[in-house]
Each structure stands twice: as C-alpha cells, then as structure tokens.
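4 protein chains.
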Amino acid sequence: MEKTKVAVLGATGSVGQRFIQLLDNHPYFEVAYLQASEKSAGQTYGQVMQSRWKVSSQIPEYARGMVITTPNSKETKEAVLAFSGLDSSIAGEVETQYAEAGITIISNSKNHRMDPNVPILSAEVNPEHLEILAKQSTPGKIITNSNCTIMGVTISLKPLQDLFGIETVFLFSMQAVSGAGYPGVPSMDILGNVVPHIGGEEEKAEIEPQKCLGKVEGDRIVSADFKISAHCNRVAVFDGHTVCVSAKFKKKPLDSEILEAWRYFSGEPQKLGLPNAPNPPILYREEADRPQPRLDLETGNGMTTVIGRLRPDPILDWKWVVLSHNTIRGAAGAAILNAELLIKKGYVRPKSS
Amino acid sequence: MEKTKVAVLGATGSVGQRFIQLLDNHPYFEVAYLQASEKSAGQTYGQVMQSRWKVSSQIPEYARGMVITTPNSKETKEAVLAFSGLDSSIAGEVETQYAEAGITIISNSKNHRMDPNVPILSAEVNPEHLEILAKQSTPGKIITNSNCTIMGVTISLKPLQDLFGIETVFLFSMQAVSGAGYPGVPSMDILGNVVPHIGGEEEKAEIEPQKCLGKVEGDRIVSADFKISAHCNRVAVFDGHTVCVSAKFKKKPLDSEILEAWRYFSGEPQKLGLPNAPNPPILYREEADRPQPRLDLETGNGMTTVIGRLRPDPILDWKWVVLSHNTIRGAAGAAILNAELLIKKGYVRPKSS
Amino acid sequence: MEKTKVAVLGATGSVGQRFIQLLDNHPYFEVAYLQASEKSAGQTYGQVMQSRWKVSSQIPEYARGMVITTPNSKETKEAVLAFSGLDSSIAGEVETQYAEAGITIISNSKNHRMDPNVPILSAEVNPEHLEILAKQSTPGKIITNSNCTIMGVTISLKPLQDLFGIETVFLFSMQAVSGAGYPGVPSMDILGNVVPHIGGEEEKAEIEPQKCLGKVEGDRIVSADFKISAHCNRVAVFDGHTVCVSAKFKKKPLDSEILEAWRYFSGEPQKLGLPNAPNPPILYREEADRPQPRLDLETGNGMTTVIGRLRPDPILDWKWVVLSHNTIRGAAGAAILNAELLIKKGYVRPKSS
Amino acid sequence: MEKTKVAVLGATGSVGQRFIQLLDNHPYFEVAYLQASEKSAGQTYGQVMQSRWKVSSQIPEYARGMVITTPNSKETKEAVLAFSGLDSSIAGEVETQYAEAGITIISNSKNHRMDPNVPILSAEVNPEHLEILAKQSTPGKIITNSNCTIMGVTISLKPLQDLFGIETVFLFSMQAVSGAGYPGVPSMDILGNVVPHIGGEEEKAEIEPQKCLGKVEGDRIVSADFKISAHCNRVAVFDGHTVCVSAKFKKKPLDSEILEAWRYFSGEPQKLGLPNAPNPPILYREEADRPQPRLDLETGNGMTTVIGRLRPDPILDWKWVVLSHNTIRGAAGAAILNAELLIKKGYVRPKSS
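Chains as they are written, first to last, in the working numbering: chain A, 17 to 369; chain B, 17 to 369; chain C, 17 to 369; chain D, 17 to 369.
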C-alpha cells in the first residue's frame, strides 16, 4: 500500500508532538512536512525541539532531521492530508486555505467545529457524518475533533443515545494541565491547587456532544436535542481528563443494560481494523475507585475510553465517571484515527505519482 | 468571665490537632483534658506529637506538657464540654457515654448525625435547632457538625433556601487529602492523580444538607424536601474542599438577588459577636477563576465560605463554586463556633467551683 | 516618628507583591509609588492585579487604589528609598538612575551584587558592610539582597565562620517554583518531576556567600576565602528553598558547639528591635526529619532560618539542612529588614517637608 | 530452552508487583509461586490485588488466577530461584531458609547485603563477584541488589573507577515516593513538600557502592577504598530517583574522557544479550536541564541509567546528575537481570523433570 503524504501543522506544540510520535512508522501515512511559526522555520525539528519535547519518549528518528517550514498551502504540494494542531488564533484561516488548495484538514482546533457542514468526527461515534463532506465546496475537506474534554464522554453516551435516548446530562470535569499546551498553566497556579475555570471550555462542552451525536439533514448537521450543563476544572494532573457524568434518559435503562451497551460497543474503526482503533473502545472497570489517570490512562495505548462507578443518580437516572487521554484520544490519536477512516473509506487517496 | 473546662477527644488526630491549635488562648474555654488511644496515654502531648504534628504552626505551649489520657467519662469530671475528633469506629459509643455522664459533646463524627433529635449544627444556618436538645434524654447533649464536604455548600444554600426555596442540587467535589486524616491517603494514590471515590462521602452529602436546612417538629428534626446528587472526588490538594454546585429553585431568582442574599447573609454568631464568627460568613469573589484553595482558603481565618462563578445553568437555574476549609470551617473551627453559641445562649455553663 | 516615603519597583511581580503585602501598615515606611511596566501603567493596582495577585491574603487596602506608574526617577521625587523587585534585564540601569537621582535602592536583583562597593546585605550577617556606602559616588546608595537560595545558608554559616572558620562548603538545593516568578515554571515541567538545573543559579550560589561573609577593605568588599560547590534543583514546592549543606571548618567544632552557636546567634536587627527582625533569627529543630517547607516555612513569619539534621559528614566535618522562605527571608522580607536597618542606623532619613 | 521455575516472595508489595509485571512472558522464567503474608494467602492474586495493583498496566493474565501462598521453602519445591521483595523485617530469616533449602535468592532487601560472602550484584558492574557464591555454604545462594538510590550512581561510577580511580563522592538524592512502598509516604507529608530524611538511607548509600565496586579476595568481598557522603531526600515524584553527584578522582580526567567512558560502557548483560539488558546501559543527555524523571525515566524500558550536566566542581573534580528508575533498574528489573546472568553463566539450572 502506497503511503499518503501528510503535513503536520503546529508541529512544535503539545498536540503536534503527539502527532509526530504517533505517526512514527504509521502504515498509511508518511510525514512530508513539519510546519510551525516563523521562529522555528528553517531549523531542523531536532534542533528546535531539544528543550521543548515534552513527550516521555525520544523524538522519532524520521522527524529529527526534517526542516520546519511555515504553513503555506502552496509549498505543501505533495500533501494530501494535513493534521492540524495549530492554535485557534490562526487555525481558522490557515485551515480554510489548505482546504481551498485541495488538502484535507484533520483539525484539533475549535474554529470550524460548529460550521454546519463540518463534522465533529469521532470515528466510532458518527462515521456517517462523513457524507456531509460532499457539501463542502472546497476541493480539500475539513474534519474536526471534538474538544478533548468531551471526547470520552461522547463515546460513553453514544451507545446509550442509540438504545435509550438522552434527555439531560451534567458534566463535571477535572482536566490535566497538558490540555492547555506548553508553557500553558503556570506551576504557581496549580501546585496543590484546583482552578475551577478554563476559558471557553464549558461553552464548548455544552454544545459539541450534541453535534457529534446529531444527524446529517440535507446540507447541515443537526445536533441531538438534549441539554448539557458543564463545570470544567483544572487539577494537578499531567495527562488525562476525568469527567463525572449524571444523565437522564428518554427511556430509563437498567444498569445491566448500560453495562452491556458499553461492553458490546464497537464501531467502524474496529470493524475496519484501523491501525489506531482501540480494542475495546470502551472498558468498564468494576473497582470502586476507578478510573484514575495514574492507573488507567494508558489503556489501549491511550485510545480506550475507561468508565467506572455506574450508580443510580438521586435526581436524574444514572451517574458514572469517564477517563480519556486528552492528548491522545482527545487530540492527536483521535485525529489520526479519523484520517485512517478517511483513507479506508476512500475519501482520501495518495496522490498518484 | 470564668472559663469552661473542656476535653478534646481524639486529640492526636488531624481534627484534634486543629482543636488544640484553635483553642489556644480561647476566651471561653480552657482545655483540661487531652484524650486519645492507649498508645499515647500516659505521655505528654509534646512527646507524642513531636513527629505527628502536621499543622504549620508550633504546638501551643499549654498543650505540650499535658499528659494524654484515654477517653473515660468518669475521669473527665471537671469537663462540661467535650470536642470530639474521634474516629467513627469508636465515636458513637464514647460520645453516648459522655452525654450520659453529663458532658455535652460537640462531635465531628458521623455516628449520631442522623439521630432524629441530634442537630447537625452550623451556627449561622440553623441555631434554632438547638431547641431539640431538650428532647435528648441524657444530661449531657450531643451536637454534631456536618460532613466537611457539604459545610460550605449548606452555608451557600441557606439564604437562598430562605428566599427562593430549593428544589434540586447537584454537587461535585474536589476534596483535599487532609479530609482523610493522617496517614490517610497514600501519596502513591494521589500524586498527579485524581481518585473519583471517597467511601461513604456521597451518601452523607446527599442527606445532611437537607437535615441542616430542615425544621424542628416536635421531638425530631424534619429534613428539607429537596434532592441532592453528589459526585465526590479526591484531588492533590492539602487543605480545602472545592465544590461545584448546580441548583434549581422553587422560585427562580435573578443573579443579582442571589448575590445580594449572599452579601447580606449574617447569622447568630455574627450578631452575638462569637470569637470565631467569620465576618463576613460568605465572601463572593468577582474574578473569573475563583475561589481557589491556594488563594482563598485563609479568608476569615479559614472560617469564611468563599463563593465564585455564579452563572446560568442550562438545565437547572444557576451554577456556582464553593470553597470551604475542611479542617477549620468543615471540622474543628465549626465545632468551636458551635460551642461558643452554646455558651452564649446559655445551653452550657462553667461548673460552679 | 515621621514615615519615610518609598517606591516599589516591579510592583506587579512575585517579589513586588510580597513588598506590597509586607509594607502594609509598616511603622517606618509609607508606599508612595507603585511602579511597573508600561502595560500596567495608568491603571490602579487593584485593577491590574485582580487576576495576578498570587499571595494567599487580600491585596492591602492602601495599594488597591494607587495608580501604577513606570519607573522614572524624576517623577519619584518624594521617595527616599526604593524597593526593587525588577527583572534583572532592566534592573541594573534603572537602579543606577535612581541612585543618581538620590534615591537609595534596596534591590533583589543580581545586577549590582558583585560591584566591589555594593554590599550584599543580610542584616544579621554583615551590617558593618554598610560603611562601604560612603564609597559609592552617587547621592542615593545601592544595597542588594543575596540570591534567595543562599540567604538561609549564609545565615547558618555566619556564627560558624566567626567561631571556627569555614574551609569548604557543598550546597544542594531543592527550590520552590515561586523563585522563578510568575508565570515562571510551566506546570508541565514540574508536576511529579524534578528539574536539576536553574539557569545561572549555581554560579551565584558559589560566590555570593563569600562576599556576604567578607570584609570591607578600603573601597571594596573582599570576599571570604572559602570555596563552595553548588547543585541547584527545582522541585514541586510552592514557597521555601531547602538546602542540604556539608562543610569543613578551619578548626573542627563539636556538634554541641555548633548548636550553641546557632542558638545564641543574634544580630543588629534583634538588638535594635527592628520591626521585621525574627526572633530567634535561627531555629534548630530536633526532629529527625525537619526542616520541611510544609511545616516550618512560616516560622517567625517567614523570616526565621530553620535548621535541622546536624550530623557528621564522612568526608568533610558536618552536614545539616537549611530551610528559608524564598520570597520573604530570601527576597522582600530581607530587603525590608535591610531598609529598617538603614533607617535605624541613620543612613536614610525621611525628607523634611 | 526449558524455563526455570521461580517464586516471587512479597508478591503483593510494590517491588513484587514490578516482578509480576516484568516476568510476564519472560523467556527464561516461569512464575510458579506467588508468596505473601497470611492476610493474602489462599486467595487468587487477582482477588487480592484488585484495589492494590499500582502499576499503570493491567495485572498480567498468568498471575490473576494464581493462588497466593505464604513463604515456606518446603512447599516451594519446584522453584530453583526466588525473587524477593520481602520487607526487611522478615526478609533476612526467610531468605536464609530458602537458601538452605536449595533455592537461590535474588533479594532486594538490605538484610544480607553486607554479609562478607554475599555480593551486591549489579550485572554490568561486578559480574565477577559471582565467584564468591562458591564460598556460601548453603546449597541455594543469596545475591542482593544494591539500595535503589545508589544503583544508577554506582553504574555511573563504574567506568570512571576503572579508568581514573575514585577518591571521594558526594551524593544528594531526590527520591520518589514509590521507593517507600505502599501505602508508604502519606500524601499529607509530601504534597508540595520535601522531606530531607529517609530512615537508614544515607547509611546504606555511604557503604554499598564501595562494596559493589570492590574485589573478591579469598572468601570475602573487599570494598573499594573511597569515601561517600550522602544526603537523602524525599520529593513529590512517583517513580525515579534523581541524584546529584560531585566526585574527586585519583587521576583527574578530562570531561571528554568521562563522556567517552560512559558512551562506550558495556557489560556482561550486553555481551550475553540478556533479555532485560538495556542498550545502552548508560545514556548521556546533552541538554542543559536533563535528566528529569518525567522525560527520561522510561529510557531503555526503565533499565538505562540516564546522566546529564557533567561540569567542573569547584572543590572536587567533576559534578553530574544521575537518574535511575527506582522500582525497575533499582529493584525488580535489576534483580531479574541478575537472575538472567545467573542462568546464562550456568550458576542456576532448571530442575530436570
């Protein structure tokens, strides 16, 4: 199988580093461009990252010697796909340019998420949303990830929405510092502390799951009709967002029905055997005090959503806890899984040489 | 004013240490007995505590030379009041014995909290519950604190319950390790981690606020009739429980009405000028990211409840964040404030010599 | 006593905030100017600091309404003294300008520390170095603090140097994040981690103590002639630098002689009863595992140097551990104590009005 | 190759868990016995460990169903080797019994380390010490690991001792909480704190490296003749001991000679291709601020010793920083590597069936 050439936008940032790591020896993709701001351009990735690489494994060999360029769709000619970890202050415009130039964008940024014809794609949850791409007018298409906080939550809701219908959801998050990038959260703000506010996060958490769980109707995606109330907090954890969930269903399930729905949940990535498809996509832990970032974060190489503590909710129906790896499942890993789905479904093809 | 002699039960534990600290030079009380388990009995407090004192100030002089005894109501003859920081495994029985021996118990333990004629007393919230003491058959009376997690929450709800009536409440806590006592939470469990479970905590959080906000009817306290759903979590914070709250009211208030209710809230402790009465009892912070344990915990010497982030809730009416010092306002400080109220209201008198 | 008007330079930074806090109601000083960069100038201190104040007490009332100005010696006419918490990138030049304008500078910056006629003043250690001020040619004088890391170490060495003479010293520091200012150390770098490097720190730690313990000879201060080897590390502590010390003496003392030297150590600040003079200046703790930041940092309101674990060193003579509050004793508190000494010794006088 | 049956003593503890993890699918060894205290005996490992497994990967399948027994050499008949993670309060006696019963012990406990005919074996450092086993009178032999703190330090010293001779060494450690086992260090002692004392640790650190770097002379191991001064500290790190080192050599090397010695260092494990031999055994990092636990701990699956910051020492010759994974290279991994060496060198053979 010929590899598809890809670009990584925002290659020096936190999400970008995860892209570099996870694309090492990828069976479908060959990283042809590493792109970042002017400060880094013209230097090799190894030089620039020597003191900035924050992933606890070495910089992959393939990336060390590559020369960083600035994002410029014209000079990214050989790329068919671009993984974007750009900051939202510039992502919107750059991503549009790339799409116009025929490069399909797999984005982690919020800018295009709520565009009516752009899917918030979670490969196990809503692969059928890919049909909306036909409604995008540009030759390259834009596909977004959801916000990292609600990624695992949405996966936990998907089989329940299908079977029982969701009416209302409360979310309380305890989010890792890596979610704010680097340098991100100052240590003086978070050591021995909790910060009960993350700018713009609750707003995203209250609308994105419904879009991800919605339906394509004509030229737009219509969000599911349930309501979410979110409280988002920063805690002294490196990687891994823990979210407490309370939910009310249209048809109240038994706990055994919920557990079964999670146990047998499987999606397109699993059926198609995509390289980064976690197996299982959802793991339910029986212990009284799980999931925990320390112990459960690496489940399925960071791609499995780990759930625990299903119990009755005195006001709504049920409550539980979800853990998701924010820079893998919640960002770079999910984006790569989305790209794998695009390849396998034929939405994207390597350029014929 | 003659000082009232008191005993501290469980004097070597976390809550006990706070009692020792906060009773130093107290205008109403003289610590006459320090009581703990057999392991410590017969030694001076200074000897026993040299490597176990975990409060960041010195052991007060008055306590250093006192010889620890085991809890025994007969040998605690001169005490009129006992502050109990005993572990719940023994607190129930010991406290009953003391009450039978005529010593009034101010307890931090859960054992008697839900007894129909025992108040969960929060001095600003429900001083009128003291009338139920007349229904206790023992010569000494038992008064309890609420669980530390819901102390601040209940204070934040009190003026709103009075004015608007509460219908439902969601609580999501991020609790400090000191709440588990010493040695308590192993560092391997909490460093860089979150534990989404605290044994028995949610159960208490879902029933105690209603009792505290309830009414005396005949020989029992009848709980207020709203429902609570609680998610309790342990985080890597030393002192200070942060709680996210979402609430629905019987009569939906404006945000300005809520802010005003908190601003003008004041109770018996403030009116009577009790030594440990915080002023104000509630402080609302305007900043977008407060309250935080690091910055707000010492407000009012740890006795003020600090609130922030009042904003609309998409499902219920309003949401906000509450911070309360768990070993001061949530334990020893609240207990001492309760005892001050008992003295000033004449429920307890120094023994005539 | 008429108060002396002072300016605080770098008022919005970490050290500046401590100055604002510690100068609240100071018996000698009245803060007349708060100075910071152009970004903050023209706004009130309260406005600028609402989300930047990181000290766990409120912004003092006196400072809230003051309008921040940029450092400009000409417009700081009424100030006799200026406390400088400026960043070293600009401190050198600004401090010189102020001194030329007749304003005496109490600096925390490294820029002038090694100037031959500028003392590194530690009020209990080398008050006699003030005579060198006469050799400075400017109408205002420049006095510096030592680096925060070696402040407590130098105090622990002072009485030993006097009695036994020091030959060699090994220092190994574990330093708090507040030492790097705000935003300073990114949380991704220090949560659950140790960083065994602090830029420029070892270089300072290896020469400043000798100057502080040196002698005025003619128009220069001649450093003491012992050698230091320093290893400086950043750890996940908020405030408080812990330093392990191994030392060899010219005349080897008994441990009892060292303990006695520390116990009876007292300096000019104690004799003159300066407002911020800690009493005692050195506290030796007998416990096996002290000092610790958590438990000992607030000793003497953060001004006492806490020592523990004196024991034989298998290679040199003795080893011990020193804890010092880096933003109080190691910065703002020490600077204010220095200023109090200047006032009391008559080096600085309020401007006659 | 027939697998050798082994027992794991202390299988439920921190080191025991690492043994279980690292022996999963081991090419030489088959775990035949899991042994622990009476509390756990009779239950399956999966049952007992459900809430006590603290390694961030699943309990291996092979271990889940195994029934735990108490240490009893008679009922451990099929085992040829036993890996001991027993607590030192009982390790000494149990290990002797096993050796008498013909089972060779690979121990992490301090009890037998300083016995004259028991090697402190570090497979790359002193494989020639195995010849002393012939002087042990029991049919099974006892081999110990060094203390976890000095494991990496000793490896960093080995090639330097061979080439230049060591005269004196200062060690300053910052040690992870996992080194104290579970529950081990209470979170109230270490969150945001440093504890400058670890019971018995400095004593071990000051004598074990010399024995490991010593020579077999007749029926005893004679320690190398240099001196060590150690300061041991506990910090808020989960895994990974960081040690600052200052050293003086008999023949002072150039920095390039030291770097070369480390770069080309290789030992028996590498030559023999042992399954857990790290390659390279030593990695020197060029960055100014490395090694760090967060970034470097997993190097060589936790078996590589990572060094950085080689620079001149103002008093001795050179200083540097060493990082070693305390529960892998400093305990279970090193023990397994030692056992692999025993197998490959023919000191231990599978029992003929």
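Just so you know, the hints here were simulated from the structure itself, not pulled from any lab data.
Small disclaimer: the values here were computed from a predicted structure and weren't measured.
Mixed in with the good hints, there may be bad ones.
[Claimed, not checked] Chain C stretches covered by chain D per the calculated footprint, using a threshold of three residues with CB under 8 Å from any CB of chain D:
no.: 1; stretch: 185 to 192
no.: 2; stretch: 354 to 365
[Unchecked claim] Label pairs and their calculated CB-CB ranges:
no.: 3; chain 1: D; residue 1: 286; chain 2: A; residue 2: 270; range: 53 to 59 Å
no.: 4; chain 1: C; residue 1: 295; chain 2: B; residue 2: 295; range: 26 to 32 Å
no.: 5; chain 1: D; residue 1: 272; chain 2: C; residue 2: 266; range: 33 to 39 Å
no.: 6; chain 1: B; residue 1: 147; chain 2: A; residue 2: 303; range: 42 to 48 Å
no.: 7; chain 1: A; residue 1: 199; chain 2: D; residue 2: 215; range: 50 to 56 Å
no.: 8; chain 1: B; residue 1: 328; chain 2: C; residue 2: 94; range: 48 to 54 Å
Where is the CB? At the ideal position from N, CA and C, for every residue including glycine.
For each hint, the structure was consulted:
A count of 3 residues in the stretch 185 to 192 of chain C with a Cβ less than 8 Å from any Cβ of chain D is obtained; the coverage claim is therefore met, three being the minimum. Counting residues of the stretch 354 to 365 of chain C whose CB lies closer than 8 Å to any CB of chain D gives 0, which falls below the minimum of 3, so the coverage claim is violated. Checked against the given bound of 53 to 59 Å, the beta carbons of residue 286 of chain D and residue 270 of chain A, roughly 58 Å apart, stay inside it. Between residue 295 of chain C and residue 295 of chain B the beta carbon distance is about 31 Å. The supplied range of 26 to 32 Å therefore holds.
About 36 Å separates the C-beta atoms of residue 272 of chain D and residue 266 of chain C, a value consistent with the hinted range of 33 to 39 Å. Between residue 147 of chain B and residue 303 of chain A the beta carbons are some 45 Å apart, a value that agrees with the proposed interval 42 to 48 Å. For the pair residue 199 of chain A and residue 215 of chain D, the beta carbons lie near 38 Å from each other, so the given range of 50 to 56 Å is not met. Between residue 328 of chain B and residue 94 of chain C the beta carbon distance is about 49 Å. The supplied range of 48 to 54 Å therefore holds.
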